[in-house]
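Peer 1: Below are the chains, spelled out letter by letter.
There are 2 protein chains.
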Amino acid sequence: MTRSAVKHAARAKAAPTRKASPARKIVYFFGGGKADGTAKMKELLGGKGANLAEMAGLGLPVPPGFTITTGVCTYYYEHGRKLPATLSSDVEKNLRRIETILGAEFGDAQNPLLVSVRSGARSSMPGMMETILNVGLNDVTREGLVAKTGNARFVYDAQRRLIQMYSDVVMEKAAGIEPAPGKGIRQQLERELERLKESRGVRQDTELSADDLRALIDVYKSKVLEVLGRPFPEDPREQLWGGIGAVFQSWNGRRAVEYRRIEKIPDEWGTAVSVQAMVFGNMGETSATGVGFTRNPATGENIFYGEWLPTAQGEDVVAGIRTPLPINEAGKTEHTRHLPSLETAMPDAYRRLARIQRRLERHSRDMLDSEFTSQEGRLWMLQCRVGKRNGVAAVKMAVDMANEKLIAKREAVLRVSPSALVQVLLPMLDPKAELETVAIAKGLPAGPGGAYGRIALTADEAAAIAAQKSGEDAKVVLVREETSPEDIHGMHAAQAILTAKGGMTSHAALVARGWGKCCIVGCDALEIDLEAGTVQVGSRTLRRGDWISLNGTEGKLYEGRIALVAPNLEHNREYRSLMRWADRFRRLGIRANADTVEDAARARAFGAEGIGLFRTEHMFYGEGSDAPLGKLRRMIVAESESERRAALAELFVDVKSDILATLEVMQGLPVTIRLLDPPLHEFVPKQREKLEELAAQVGIDIDELERRAAALHETNPMMGHRGVRLGISYPEVTEMQVRAIFEAAAELLRQGKKAEPEIMIPVVSAPAELDHQYAIIERVYGEVLRRTGLKRIPHLVGTMIEVPRAALLAGKIAERARFFSFGTNDLTQLTFGFSRDDTGSFLPRYLAQKLLPEDPFASLDESGVGELVKVAIERGRRTRRDLKIGICGEHGGDPRSVAFCHDAGLDYVSCSPFRVPIARLAAAHAALQR
Amino acid sequence: MTRSAVKHAARAKAAPTRKASPARKIVYFFGGGKADGTAKMKELLGGKGANLAEMAGLGLPVPPGFTITTGVCTYYYEHGRKLPATLSSDVEKNLRRIETILGAEFGDAQNPLLVSVRSGARSSMPGMMETILNVGLNDVTREGLVAKTGNARFVYDAQRRLIQMYSDVVMEKAAGIEPAPGKGIRQQLERELERLKESRGVRQDTELSADDLRALIDVYKSKVLEVLGRPFPEDPREQLWGGIGAVFQSWNGRRAVEYRRIEKIPDEWGTAVSVQAMVFGNMGETSATGVGFTRNPATGENIFYGEWLPTAQGEDVVAGIRTPLPINEAGKTEHTRHLPSLETAMPDAYRRLARIQRRLERHSRDMLDSEFTSQEGRLWMLQCRVGKRNGVAAVKMAVDMANEKLIAKREAVLRVSPSALVQVLLPMLDPKAELETVAIAKGLPAGPGGAYGRIALTADEAAAIAAQKSGEDAKVVLVREETSPEDIHGMHAAQAILTAKGGMTSHAALVARGWGKCCIVGCDALEIDLEAGTVQVGSRTLRRGDWISLNGTEGKLYEGRIALVAPNLEHNREYRSLMRWADRFRRLGIRANADTVEDAARARAFGAEGIGLFRTEHMFYGEGSDAPLGKLRRMIVAESESERRAALAELFVDVKSDILATLEVMQGLPVTIRLLDPPLHEFVPKQREKLEELAAQVGIDIDELERRAAALHETNPMMGHRGVRLGISYPEVTEMQVRAIFEAAAELLRQGKKAEPEIMIPVVSAPAELDHQYAIIERVYGEVLRRTGLKRIPHLVGTMIEVPRAALLAGKIAERARFFSFGTNDLTQLTFGFSRDDTGSFLPRYLAQKLLPEDPFASLDESGVGELVKVAIERGRRTRRDLKIGICGEHGGDPRSVAFCHDAGLDYVSCSPFRVPIARLAAAHAALQR
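Those protein sequence lines, which keep their order, are chains A and B.
Numbered according to the working numbering, the first sequence spans residues 1 to 930.
Numbered according to the working numbering, the second sequence spans residues 1 to 930.
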């Protein structure tokens, strides 16, 4: 039991529900121009219930109904799935209010009222919980409705749908029956429907006659009795209570639980249940249904956008069985030009609807999406909520609304979530082209952005194609059932990853997210046949080598190649406004981690105010005959200081020119250069032939070289001979790097340019390590000043805080260090005792079982690592008030971690160049939300 | 500059030395029955100066003299090696007081006063700093002395010694001259002496005539001028000041600095300088010199013990050139029975001396050692100090003195340092046999205890002999220039390790100390010739395979086999008294880490009050056809839960019987059983043939097995899939162990015996991990209760705190855990980011360069790891007041760490059985010293 649930339960026990007290009211009415609730009561009424109340309160045409609060859901789970005793009379009373407004009666044979029973959580969980429509229909009431509407076909169809939905949701799922695959009551009833259509020789449901449907109802009922062993309930009240219970039950259904885990929705929130009078968009030709967006959710344009269908129910629009029509002339595309719009087909209804849209947006000050139904020409609003939008649209809407004075600039900044901003920055499938293509399958959106490539069915295949071909031909998408660590090389080589199985925390999803790679997982429509080299998607057969395109932001898969468009930030006026405003609000500085001149230039373009991490070792990662790596290797296997110094002298030239170029690009913005960090054996070749090559270069025997290389082996390299420990073992290595830094800066200064290097010492665990390195740095600084005749070279010397002991001893360390930079990757590894390279064997399970709230390498662990960070800041600043403090771990680009850094009082965060805008926005959010 | 030195200097600057103020007195007089100082003033006067003052104050016959304070030493280093201005007049004034008492005058031609100049630090640094004797002798004063003593040979010999000593210490060393090897002035003068002896055809110095020596003085003087380019100073005052300066200088000599590092003596203490009138034990037949101990320092017996030499100077007794004689009849041994004692040779002097010994011991309430000289029948006390003693003697003396009411019991307990107690517990060379054998060489005592074995000159040799032979023949001592990690197997196989090079922090020393193995390092008398297979020690040639014996406690090497004696603690009455008293004073509980029934029994015998760490995995470390290891391996490579459960069912039997036996031995004392901790790949064989065997057992293909084994590989296994992470991945493994524990305990309880298991969950980093494991434990507990019909099985469930995050989240963790046990080995690894397996590449340098005050794996790092320990205790107890807290890392047996644990408020420490008595004593010290 969660803490809050316990508290809740305790409170519930202490004070049993009484009707009189509004604080303990458990049923809220809406309709007839009035409502007990408002949009602000989402916690109690769920999103749907609160919005219905709000619309009703505004006097909009909402079918009357009532909402049972989320508190009842909590009560239900705290009391062995029993409902509170008072609920029954509350429901009856509210049912009577609906009956009064509509002049119909629930269960009445002549003029029956039908209702829907819907779930509604505090935050939207689309499709995750249950809904039952047409509750109240039975063999008696249907005849009253036939008489009243004169539309028997419509009524029998509604009853058939009720039986199909209810037997599945209430009688099977909520009862905990787990049928064999394909044997579920829903499938069995669907087979009966198919059988009927076959026998009648028709393809569409709509082609069946009223008599057909009435006969089908009887078939359905006997099937229900046969399969579930109970008759379908004819009593409207039994239907109603079954529906209410099933909705509460569905809060803990497998899909809902999984969804909450991914979306981080607390289990204890619970769902509300809304019971609402049914209205029908399928009652005849003057009936219609549709959805509306107050602005275009794909582009953000300020134009009423939507889709509709005549003679249809809401689910038909969403389900994609019939192609919906454009709602107005302005929303038409090439493809939809020839279709009728609501604007022209039902101009009165459209005008009323458009007026409601404007009213709603003005009232809520945000883009809303809504569902409406016109029943025999009368317009009803069925629901409304803040509309989903993609990142590009989110930015445009926020900035437009601020410019329209609908919202303040600070609110505009807060409207765009940093993760939405990612979509503005990623290359994506050309939205126009995408709009005109039909997705062939949908999966979970595990890695955002767009990508295309040829299908590769194994990792080796993907890696081979990427390595052997070039240009477009080298582009592959790795398509697998699931991925495993053995597939890493192929995943890396691929443009995107697509898997048939796996959820948002599967191997593929975790890896892709880590790399920022486009990825769709759990795309269960795929049937991969490795031997045949095919991927079956429904009736389509794709083959190895065929082109496919992925929209990883939405999880959509397309056949063929859809062009990618790079975001044009220069010309994205709204993006630039938003970032300008964000910069105005934020307090945190934003730097980038950049190892090359190109990275540095990119970082500046993205708005970085400096480089927070320049890793000198980066230049050693490229092979090549005269690459710096060769020189480094000679340095590493040197056994005497003199051998080592000779190799270092050669390296010096490369290191200096690399640093000089980066300092130059940054034009006087601070550049934090970290001294050599990784364990040396990382750079020693593993293959025999490379070793032989190196032996020849160094001029020693291969056996001797192997001995020297073996001596570098470590059991736990992450905690071995690395960072400042190298600088202490080999002071000449520190000396070479420091000399390169000062000489590079000096050269720029003497050219009249600016340079502001910050020398950063890694993996410090003891204050005396700094003393040791500072002595070298000060000596070399003096030497360079003398050699160049400069009076000073602006610079700082500081340290990384990435070892727990450094955080604890920060007060002492700050006596030397002028700045701290938190290396939160390593600090997380050591604080948890998690080797990041090895967490694959247990961390996924930890996340799945909620032993940890989230991956601490993705989002900073505030309770553990965060405490060390805070301790270090407090102690460091107590020693040195002007201590500059930043973070250069990967958390620097994670919005939640940025918020933590803001609260903790850091001076800046540093992240990959690409994530700089995200960090800027996250920093503004942090500043505005505190 | 150190902090305290800075403070010191600041104080010195703020208030320049004035004579009048006693607080700033810089020269302290003693002699003539009076003294300015006392024994309590060691900080100011050094040990030697303070003790001389004390003796003089007691009215004992002390040659008069004065002590220049340690403050002057500090001043000297703070002022560019200049002495304070007022020192000169203070020294002159005190010199005159000596002259007055003795009726002689410094530099006087007729009746010259000679003085010694000696160093004296707060704590003894034997042989590390300089001493100059006979200061004041020159070509003029010597003739006065010849006339006065009528002993020209003695006088010229004294002058020769002065020149030899002074030119070396003052003119060469203190001047910073570094001669080529063998070219030092001392060696050059010694060669002149040898040459003279050769030309005279004599072997002993004493055979040279007065004329020979006078001639040698001239040769010496011209050699000094030739080699050092300066004449030897004839001016007595120049000699005196040169000597004073040289002593201060020697405080920062290489040897002294190294010694302080090892002995952890702060650099800022400084040395005092004592200038004292010379007395001569070599003036003729009524002169003698010697050393006395108020009790026997080897056995502790309460009998005046000492050695003496007629017609000799103090250095002759110590230097081992002449064999010293027993001081009294009671101290005679088999070997010395025939030699004359002081008691019989000079009965008056002996009686006076014996009286002084009694007086001194009664006064100081401790065993003292002293140096005395009888100059022409007159007895002088030259120095005294608390006498060094071995561990056995320390225990006996402390207990005897308490029984004699000389000291209180609490003082007796404090008198024995825990490290001295080690000697009582270690097997050692039979002291009687050792006493009758002459050591052939001496080195640094790197690993205490005694050992013997045949010489092996390579690690392979040592390992091979140990593996192939058995019994006595398998015993080898590995003798190496130095050791390196490649020698580990040989070091492990050897009884002891002996190296020619290396200091107390060399590889050999570190490894041996870690293993508790007898070891001598830096034994520079050894010349190892690997090809010839010989070890040259002076004129002796030892060969590969020869027997040698080592006393690692004192660093002494012997030829041949000296029997080892195991300490007989049962019959060591004093040891048992001491431990009983210690137990009365301590507050900390003491448990042992024990993995086997034998260990558990040993632990109880050593006084353990429970087992603090029983590692279930220990039983898997033995190979064998049906050993548990085989079953474990089958469990590990199982790929399905059912395969795993089958292997676990087999393992269960072994685990249960192992636990049952241990619980039984402990008779109801608590036994903390840690659930499986190490990464599984540790147990998978590496060799191909073992793998094939396993594949056959498991019934799978070797390739498949290799794949499964490879999947277990980790980059940083220390931070990988281990501890509770295994229990979460494989709940059935936790279940098996927990069931074994409860069933074992239940079986004992049903037999009417006691059992108190404590289940300990390792490597916890998140509170939810405990929830997960507790669910299993509670379920199994219930099942075992039902199965056995017991109402309850007394037990606790708790966790190790060995991951920094666990320490930080201790408040939350204590909601579940009933006890904490600090795993300080891993906590140290993670807090520092030091992989213990890999520190060899940098930690020795860190210790040598003082970047860390000491090895954090040997003694708990109080400022880093210690803070986490304190935080965890405070937060844990805030949640659960009766939280039981212990420590089971290796620090539990380190006296300084035990003191920390006492202060931190732990309930108990747990250490290896062997160290239990040490921990008991250390805990008593901690309680008494706070």
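Worth flagging that the hints you see were computed from the coordinates, not collected in a lab.
None of these values were measured; they are calculated from a predicted model.
One or more of the hints may lead you astray.
Using 25 Å as the maximum straight-line C-alpha spacing, the simulated DSS-like pairs for lysine-lysine come out as follows [unchecked claim]: (1) A/Lys-469 to A/Lys-40; (2) A/Lys-173 to A/Lys-183; (3) B/Lys-870 to A/Lys-812; (4) B/Lys-870 to A/Lys-870; (5) A/Lys-884 to A/Lys-870; (6) B/Lys-183 to B/Lys-148; (7) A/Lys-754 to A/Lys-870; (8) A/Lys-264 to B/Lys-812; (9) A/Lys-791 to A/Lys-812; (10) B/Lys-82 to B/Lys-25; (11) A/Lys-870 to B/Lys-812; (12) B/Lys-501 to B/Lys-850; (13) B/Lys-40 to A/Lys-812; (14) B/Lys-40 to B/Lys-501; (15) A/Lys-221 to A/Lys-183; (16) B/Lys-791 to B/Lys-656; (17) A/Lys-183 to A/Lys-197; (18) A/Lys-850 to B/Lys-812; (19) A/Lys-332 to A/Lys-388; (20) B/Lys-25 to B/Lys-264; (21) B/Lys-753 to B/Lys-884; (22) B/Lys-264 to A/Lys-812; (23) B/Lys-197 to B/Lys-183; (24) A/Lys-686 to B/Lys-686.
Some chain B residues flagged as far from chain A (calculated, every beta-carbon gap over 12 Å) [claimed, not checked]: (25) Arg-378; (26) Glu-411; (27) Arg-587; (28) Ser-640; (29) Leu-680; (30) Thr-715; (31) Glu-732; (32) Ala-806; (33) Asp-838; (34) Leu-851.
Across the chosen pairs, the derived CB separations fall in these ranges [to be verified]: (35) A/Ala-627 to B/Lys-690: 50 to 60 Å; (36) B/Ser-124 to A/Ala-627: 50 to 60 Å; (37) A/Thr-715 to B/Gly-182: 53 to 63 Å; (38) A/Glu-207 to B/Glu-704: 51 to 61 Å; (39) A/Thr-715 to B/Ser-657: 50 to 60 Å.
Cβ coordinates follow ideal geometry from the N, Cα and C atoms, glycine included.
Peer 1: Are the hints correct? Go through all of them and say.
Peer 2: How the hints compare with the structure:
{"no.": "1", "hint": "A/Lys-469 to A/Lys-40", "result": "violated (58 Å)"}
{"no.": "2", "hint": "A/Lys-173 to A/Lys-183", "result": "holds (13 Å)"}
{"no.": "3", "hint": "B/Lys-870 to A/Lys-812", "result": "holds (19 Å)"}
{"no.": "4", "hint": "B/Lys-870 to A/Lys-870", "result": "holds (18 Å)"}
{"no.": "5", "hint": "A/Lys-884 to A/Lys-870", "result": "holds (14 Å)"}
{"no.": "6", "hint": "B/Lys-183 to B/Lys-148", "result": "violated (38 Å)"}
{"no.": "7", "hint": "A/Lys-754 to A/Lys-870", "result": "violated (34 Å)"}
{"no.": "8", "hint": "A/Lys-264 to B/Lys-812", "result": "holds (22 Å)"}
{"no.": "9", "hint": "A/Lys-791 to A/Lys-812", "result": "violated (30 Å)"}
{"no.": "10", "hint": "B/Lys-82 to B/Lys-25", "result": "holds (18 Å)"}
{"no.": "11", "hint": "A/Lys-870 to B/Lys-812", "result": "holds (19 Å)"}
{"no.": "12", "hint": "B/Lys-501 to B/Lys-850", "result": "holds (21 Å)"}
{"no.": "13", "hint": "B/Lys-40 to A/Lys-812", "result": "violated (35 Å)"}
{"no.": "14", "hint": "B/Lys-40 to B/Lys-501", "result": "violated (39 Å)"}
{"no.": "15", "hint": "A/Lys-221 to A/Lys-183", "result": "holds (16 Å)"}
{"no.": "16", "hint": "B/Lys-791 to B/Lys-656", "result": "holds (21 Å)"}
{"no.": "17", "hint": "A/Lys-183 to A/Lys-197", "result": "holds (20 Å)"}
{"no.": "18", "hint": "A/Lys-850 to B/Lys-812", "result": "holds (16 Å)"}
{"no.": "19", "hint": "A/Lys-332 to A/Lys-388", "result": "holds (20 Å)"}
{"no.": "20", "hint": "B/Lys-25 to B/Lys-264", "result": "violated (28 Å)"}
{"no.": "21", "hint": "B/Lys-753 to B/Lys-884", "result": "holds (24 Å)"}
{"no.": "22", "hint": "B/Lys-264 to A/Lys-812", "result": "holds (21 Å)"}
{"no.": "23", "hint": "B/Lys-197 to B/Lys-183", "result": "holds (20 Å)"}
{"no.": "24", "hint": "A/Lys-686 to B/Lys-686", "result": "holds (20 Å)"}
{"no.": "25", "hint": "Arg-378", "result": "holds (54 Å)"}
{"no.": "26", "hint": "Glu-411", "result": "holds (37 Å)"}
{"no.": "27", "hint": "Arg-587", "result": "holds (27 Å)"}
{"no.": "28", "hint": "Ser-640", "result": "holds (16 Å)"}
{"no.": "29", "hint": "Leu-680", "result": "violated (10 Å)"}
{"no.": "30", "hint": "Thr-715", "result": "violated (4 Å)"}
{"no.": "31", "hint": "Glu-732", "result": "holds (14 Å)"}
{"no.": "32", "hint": "Ala-806", "result": "violated (9 Å)"}
{"no.": "33", "hint": "Asp-838", "result": "violated (4 Å)"}
{"no.": "34", "hint": "Leu-851", "result": "violated (4 Å)"}
{"no.": "35", "hint": "A/Ala-627 to B/Lys-690: 50 to 60 Å", "result": "violated (42 Å)"}
{"no.": "36", "hint": "B/Ser-124 to A/Ala-627: 50 to 60 Å", "result": "holds (59 Å)"}
{"no.": "37", "hint": "A/Thr-715 to B/Gly-182: 53 to 63 Å", "result": "violated (45 Å)"}
{"no.": "38", "hint": "A/Glu-207 to B/Glu-704: 51 to 61 Å", "result": "holds (58 Å)"}
{"no.": "39", "hint": "A/Thr-715 to B/Ser-657: 50 to 60 Å", "result": "violated (33 Å)"}
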